[in-house]
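Colleague: Residue-level listing of the chains:
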Amino acid sequence: QKEVEQDPGPLSVPEGAIVSLNCTYSNSAFQYFMWYRQYSRKGPELLMYTYSSGNKEDGRFTAQVDKSSKYISLFIRDSQPSDSATYLCAMSIYNQGGKLIFGQGTELSVKP
Amino acid sequence: DGGITQSPKYLFRKEGQNVTLSCEQNLNHDAMYWYRQDPGQGLRLIYYSQIVNDFQKGDIAEGYSVSREKKESFPLTVTSAQKNPTAFYLCASSIAGGLTDTQYFGPGTRLTVL
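As you go down the protein sequences, you meet chains P and X in turn. So the first sequence is residues 49 to 160, counted in my numbering. So the second sequence is residues -11 to 102, counted in my numbering.
For reference, chain P alone in the conformation it holds in the complex:
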């Protein structure tokens, strides 16, 4: 079993839809949770990060963490064609040199 499991894609939605991207994890030692966005043939870029259980909002994006259920989500409101990319969840543990464990990634396509 992988430490981090991410819902497989691809996911295709119409413009303006609400998108939900999800990851589960097995290691309760994970302390820091991130979402990266990766456009085709590019390196990933950090989209959002959070430490604690609960919601964190940034514009159209909301990151949610439920540590008791070992579950994290990223919600995208009013999705745009420019949101079409692969979304990767990532997690890390204190004092491990910043080592990140990534989910498999979900490819999202937003159709105009």
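Be a bit skeptical, because a hint or two may be false.
Restricting the straight-line Cα-Cα distance to at most 25 angstroms, the calculated cross-link-like pairs of lysine-lysine (DSS-like) are [unchecked claim]:
#1 115(P) with 147(P)
#2 115(P) with 50(P)
#3 104(P) with 118(P)
#4 59(X) with 45(X)
#5 147(P) with 58(X)
#6 45(X) with 50(P)
#7 90(P) with 159(P)
#8 147(P) with 118(P)
#9 50(P) with 147(P)
#10 147(P) with 45(X)
#11 59(X) with 147(P)
#12 50(P) with 118(P)
#13 90(P) with -3(X)
#14 59(X) with 90(P)
#15 59(X) with -3(X)
#16 2(X) with 71(X)
#17 90(P) with 118(P)
#18 90(P) with 147(P)
#19 2(X) with 147(P)
#20 71(X) with 50(P)
#21 104(P) with 115(P)
#22 45(X) with 71(X)
#23 45(X) with 58(X)
#24 71(X) with -3(X)
These aren't lab readings, by the way, just hints derived from the structure by calculation. Model, not experiment: these values are computed from the prediction.
Since the structure of chain P is already known, use the hints to place chain X on it.
Modeller: Chain X alone, transformed into the frame defined by chain P:
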């Protein structure tokens, strides 16, 4: 402009050859990382370094080697011992390798074994 550069963008290798992928950063970051990305598998850590002249194995280090002689540079050698080297290789750096230090990624090198 500050950032991370990787070269070459595309690399073709014959079986049995070693190849070296370049990664340079001018962000003055102490920590650097190499990841491998395969379709449907996300990113997996190969090696990382938090300081010059020191580095640690990641989850899939077999068949790879690295050096960290300069703060700015962290080259990755894919040796002939790596059984399935065709993949997208990503280099990243962060300020110090701390829990909350953002990792910034380069544009990647796509390696194909012929």
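Colleague: If a hint holds in the structure, say so; if it does not, say that too.
Modeller: For each hint, the structure was consulted:
1. 115(P) with 147(P): Between residue 115(P) and residue 147(P) the Cα gap is close to 20 angstroms, so the pair holds against 25 angstroms.
2. 115(P) with 50(P): holds (17 angstroms)
3. 104(P) with 118(P): With a Cα-Cα distance of about 17 angstroms, the restraint between residue 104(P) and residue 118(P) holds, given a limit of 25 angstroms.
4. 59(X) with 45(X): It holds: about 18 angstroms lies between the C-alpha atoms, which stays within 25 angstroms.
5. 147(P) with 58(X): Distance of about 21 angstroms is within 25 angstroms: holds.
6. 45(X) with 50(P): Satisfied, since the Cα-Cα distance of roughly 19 angstroms is no more than 25 angstroms.
7. 90(P) with 159(P): This hinted pair holds, its Cα atoms lying about 21 angstroms apart.
8. 147(P) with 118(P): holds (19 angstroms)
9. 50(P) with 147(P): Holds, at about 16 angstroms.
10. 147(P) with 45(X): Judged against 25 angstroms, a Cα distance of about 11 angstroms means the pair holds.
11. 59(X) with 147(P): holds (18 angstroms)
12. 50(P) with 118(P): holds (13 angstroms)
13. 90(P) with -3(X): holds (10 angstroms)
14. 59(X) with 90(P): holds (24 angstroms)
15. 59(X) with -3(X): Roughly 22 angstroms between the alpha carbons, so the hint for residue 59(X) and residue -3(X) holds.
16. 2(X) with 71(X): holds (12 angstroms)
17. 90(P) with 118(P): violated (29 angstroms)
18. 90(P) with 147(P): Roughly 20 angstroms between the alpha carbons, so the hint for residue 90(P) and residue 147(P) holds.
19. 2(X) with 147(P): violated (31 angstroms)
20. 71(X) with 50(P): holds (22 angstroms)
21. 104(P) with 115(P): With Cα atoms ~14 angstroms apart, residue 104(P) and residue 115(P) stay inside 25 angstroms; holds.
22. 45(X) with 71(X): holds (18 angstroms)
23. 45(X) with 58(X): Since the Cα atoms of residue 45(X) and residue 58(X) sit roughly 18 angstroms apart, the hinted pair holds (cutoff 25 angstroms).
24. 71(X) with -3(X): Distance ~21 angstroms between residue 71(X) and residue -3(X) Cα, so the pair holds.
Checked against the numbered hints given earlier, this structure breaks hints 17, 19; the rest are met.
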